[in-house]
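Novice: Chains as they are written, first to last, in our numbering: chain A, 1 to 426; chain B, 1 to 426.
In case anyone wonders, no lab produced these hints; they're calculated from the structure.
Honestly, I wouldn't trust all of these hints.
Computed footprint of chain B on chain A, listed as stretches where at least three residues anywhere in the stretch have a Cβ under 8 Å from a Cβ of chain B [claimed, not checked]: (1) 92 to 98; (2) 142 to 156; (3) 226 to 233; (4) 299 to 308; (5) 369 to 382.
The C-beta atom is built at its ideal place from N, Cα and C for all residues, glycine as well.
There are 2 protein chains.
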Amino acid sequence: MQDPSDSSQPLSPPRGMRDFYPEEMALRTFIFDAWRNATRAHGFAMYDSCVVESLDLLKRKSGEEIVNQIYAFADKSGRELALRPEMTPTLARMVAARQGSLPFPLKWAAIGQCFRYERMSRGRKREHYQWNLDIIGEQSVSAEAEVLAAAARALRLMGLGDSDFRIRFSSRSLLSEILRRLEIAPEQQPAVFLALDKRGKIPDETVATQLRDAGLSREQAARVIDAMRISSIDEASALTAGDSKAVQELRDFAACLEAHGLGDCAGFDISVIRGLAYYTGIVFEGFDSTGDFRAIFGGGRYDNLLAQVGGRPATGVGLGFGDVVVAEILAERGTLPSQHAVADIAVGFMTEAERIPATRLAAEFRAENASVDAGLAPEKAKAFFSRASRSGCGRAIYIGPDDVASGKCRVKNMADRTETDRRIPR
Amino acid sequence: MQDPSDSSQPLSPPRGMRDFYPEEMALRTFIFDAWRNATRAHGFAMYDSCVVESLDLLKRKSGEEIVNQIYAFADKSGRELALRPEMTPTLARMVAARQGSLPFPLKWAAIGQCFRYERMSRGRKREHYQWNLDIIGEQSVSAEAEVLAAAARALRLMGLGDSDFRIRFSSRSLLSEILRRLEIAPEQQPAVFLALDKRGKIPDETVATQLRDAGLSREQAARVIDAMRISSIDEASALTAGDSKAVQELRDFAACLEAHGLGDCAGFDISVIRGLAYYTGIVFEGFDSTGDFRAIFGGGRYDNLLAQVGGRPATGVGLGFGDVVVAEILAERGTLPSQHAVADIAVGFMTEAERIPATRLAAEFRAENASVDAGLAPEKAKAFFSRASRSGCGRAIYIGPDDVASGKCRVKNMADRTETDRRIPR
Chain A
1 MQDPSDSSQP
11 LSPPRGMRDF
21 YPEEMALRTF
31 IFDAWRNATR
41 AHGFAMYDSC
51 VVESLDLLKR
61 KSGEEIVNQI
71 YAFADKSGRE
81 LALRPEMTPT
91 LARMVAARQG
101 SLPFPLKWAA
111 IGQCFRYERM
121 SRGRKREHYQ
131 WNLDIIGEQS
141 VSAEAEVLAA
151 AARALRLMGL
161 GDSDFRIRFS
171 SRSLLSEILR
181 RLEIAPEQQP
191 AVFLALDKRG
201 KIPDETVATQ
211 LRDAGLSREQ
221 AARVIDAMRI
231 SSIDEASALT
241 AGDSKAVQEL
251 RDFAACLEAH
261 GLGDCAGFDI
271 SVIRGLAYYT
281 GIVFEGFDST
291 GDFRAIFGGG
301 RYDNLLAQVG
311 GRPATGVGLG
321 FGDVVVAEIL
331 AERGTLPSQH
341 AVADIAVGFM
351 TEAERIPATR
361 LAAEFRAENA
371 SVDAGLAPEK
381 AKAFFSRASR
391 SGCGRAIYIG
401 PDDVASGKCR
411 VKNMADRTET
421 DRRIPR
Chain B
1 MQDPSDSSQP
11 LSPPRGMRDF
21 YPEEMALRTF
31 IFDAWRNATR
41 AHGFAMYDSC
51 VVESLDLLKR
61 KSGEEIVNQI
71 YAFADKSGRE
81 LALRPEMTPT
91 LARMVAARQG
101 SLPFPLKWAA
111 IGQCFRYERM
121 SRGRKREHYQ
131 WNLDIIGEQS
141 VSAEAEVLAA
151 AARALRLMGL
161 GDSDFRIRFS
171 SRSLLSEILR
181 RLEIAPEQQP
191 AVFLALDKRG
201 KIPDETVATQ
211 LRDAGLSREQ
221 AARVIDAMRI
231 SSIDEASALT
241 AGDSKAVQEL
251 RDFAACLEAH
261 GLGDCAGFDI
271 SVIRGLAYYT
281 GIVFEGFDST
291 GDFRAIFGGG
301 RYDNLLAQVG
311 GRPATGVGLG
321 FGDVVVAEIL
331 AERGTLPSQH
341 AVADIAVGFM
351 TEAERIPATR
361 LAAEFRAENA
371 SVDAGLAPEK
381 AKAFFSRASR
391 SGCGRAIYIG
401 PDDVASGKCR
411 VKNMADRTET
421 DRRIPR
């Protein structure tokens with residue numbers, strides 16, 4: 001059905017897509033810069049690929065829910081293509097294609113636009129940008145800690161303090177160990193994860209019903225829900241065998257987070273499940289401390305990703321961090337960056353006769369690596385200085401006939417209103 | 001027809017799309033950084049929108065040739081969408097939507113991925129990135145000069161000198177004036193532009209035949225082709241009325257380019273036509289001096305763009321600068337940026353016991369704003385230093401049990417092999 005708003009607003013972007021006017025673009029650049037700087041601070045290499053992927057690749061890897069939400073289309077040769085819903089299948093494809101020659105462990109990062117066709121609800125968009133961090137080929141939990149430390153650095157670079165966000169982590173293998181001890185078969189576990197992931201959103205009785213539907217006995221269901229009430233790694237340990245590998249991993253992981261300076265803002269939380277996705281080990285999510293927003297980022301360890309697209313098995317850790325939720329949080333906190341000045345220096349001129357001298361002066365400043373917003377037409381002094389002030393330029397120069405006659409002009413410091421002389425180049 | 005290479009290379013990107021592995025991404029980042037820095041040096045504001053546009057918008061603006069090459073598809077609501085072939089229709093839409101409130105003249109820039117479905121020939125791709133500079137609402141040729149000066153700055157930031165590139169410019173209105181003097185009707189002119197745009201690619205006799213097909217007499221056709229032999233603004237002046245507005249504009253434009261320091265690398269060239277596009281005034285193209293490559297950038301003045309998408313008429317100037325040709329030129333010249341170091345500092349460790357101290361040290365360096373490539377697993381000293389050397393890190397620190405015992409480690413300067421001591425945080 002054609003959206004009725006399309007014809008009434010022929011100048012709006014397609015439904016669910018975003019325009020970035022300069023003020024919105026300044027915020028996006030602020031977020032992307034934090035991502036890029038955190039990528040570099042943690043020694044990840046940037047990669048990218050096209051937003052168009054083959055539908056077959058996405059089907060090989062993604063769950064059914066995601067496939068139903070893919071923007072798919074055929075090109076003029078009948079090739080089945082799609083707008084990627086996430087970066088991970090592409091990452092797996094690129095790494096698998098060069099698995100024999102790339103140096104592992106790989107630490108790769110990307111900022112990619114991703115699309116998902118969903119019903120529109122209160123401002124939910126159909127595209128977003130996601131920063132992805134992946135480490136492939138490293139068994140130890142230093143990999144999980146490294147991607148989380150990079151994500152935390154990005155938040156700090158956006159102005160959030162350590163008390164402003166919380167990292168919650170759990171372990172799929174811990175949960176598997178607990179389920180095994182309750183004699184729940186491996187093939188039942190995906191359905192159990194799915195039911196448990198809904199806890200908090202639906203009543204525990206409904207979760208219990210879904211667990212029964214998955215084939216669990218009444219007692220098993222009760223004990224699973226009971227297990228979800230634990231709140232520490234020590235309590236988790238009591239539910240597993242004494243030599244639990246998952247518990248040891250969680251302890252090592254907590255120690256690594258502490259060493260990264262994240263001890264105070266990260267904590268074990270068995271309710272972190274991360275949906276039906278391909279995670280096999282530690283899983284984690286980042287939230288703002290108020291708890292008023294959806295997750296800022298999430299991720300975990302996967303073991304089967306490369307094999308799913310045709311590569312050899314390799315363990316990996318991934319983290320995805322979208323631009324939408326963090327932008328909402330920054331807006332709510334009022335810590336958005338102040339309007340970015342378009343340039344360091346504004347140059348204006350009074351009459352046609354000063355056009356060329358003003359252009360020469362602007363070129364000279366630029367050759368000195370200053371950024372210059374150069375007037376393109378004669379304007380009145382008042383209009384020029386008001387524009388220069390609004391645009392946040394640090395210095396402003398207005399050239400009139402007298403300046404050209406004398407061969408020099410005044411450079412006005414917009415902060416303290418002081419003026420200095422400058423020669424006008426000939 | 002399905003491309004046979006698709007099944008034999010299931011790990012390649014869709015046909016015509018590019019993967020950016022870290023080394024290719026480093027080049028792309030180098031080019032994008034030059035574009036962004038030139039954008040800022042010239043006081044343009046960055047904007048963006050989604051790569052998905054409504055097909056209707058693209059049809060309203062683009063020529064038939066482009067519409068045939070659009071990647072179009074319908075979403076699950078039957079909405080007709082497309083991957084944009086260029087940024088300009090989107091720019092026109094966004095400006096028209098806020099035409100009443102935006103401050104003119106606008107100076108806007110974007111780096112956008114654009115798609116075009118073409119037959120694949122010798123490495124031709126179906127997507128590329130294009131830097132777009134537009135100034136809307138300014139009549140004077142300072143606008144044309146400003147976008148060209150910004151493009152030239154980007155080339156300099158990429159390492160090209162003034163003798164390495166040439167800007168060629170002409171004027172659609174000059175050509176119109178000349179055609180009017182030859183009594184060629186305005187409605188014949190698009191066909192004439194189209195034929196003249198092929199000069200150099202096909203023999204002049206074939207051009208003449210196409211001009212006859214457009215309704216020109218044999219004498220008109222000959223005189224048009226003759227007019228295309230002029231090589232200076234003065235010669236152009238002789239073919240127009242004494243008070244030619246187009247000639248005066250070209251002279252003013254040349255003076256502006258001179259003031260921007262571009263006098264030596266820019267010249268009048270009547271053969272610059274810029275296809276059938278929407279240009280109405282000055283048009284220009286940038287080439288590398290060898291002449292071995294397609295145009296690096298191109299653009300010109302348009303007057304009808306906003307009106308075409310439903311806005312009020314406004315004059316504007318636009319320039320598009322793609323990433324593909326300039327990358328070929330940089331590769332040919334051997335002036336590609338050297339492999340970008342992943343980080344400033346590499347940190348490695350010998351045994352499990354140093355994992356946490358090494359992690360603490362990496363976190364401490366990062367808190368001091370250094371970028372750190374931190375080892376994730378124990379490794380041998382030789383392997384660590386060889387990796388650190390390959391990755392281009394300036395400093396390398398390898399922590400063993402003795403270092404942890406003494407509470408300090410050695411920071412090795414990879415350039416001069418000198419070492420300094422550093423405390424290991426506890």
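Novice: Now tell me, hint by hint, if it's right for this structure.
Specialist: We went through each hint and held it up to the structure:
no.	hint	in the structure
1	92 to 98	holds (count 5)
2	142 to 156	holds (count 6)
3	226 to 233	violated (count 0)
4	299 to 308	violated (count 0)
5	369 to 382	holds (count 8)
When held up to the earlier numbered hints, the structure conflicts with 3 and 4 and fits the remainder.
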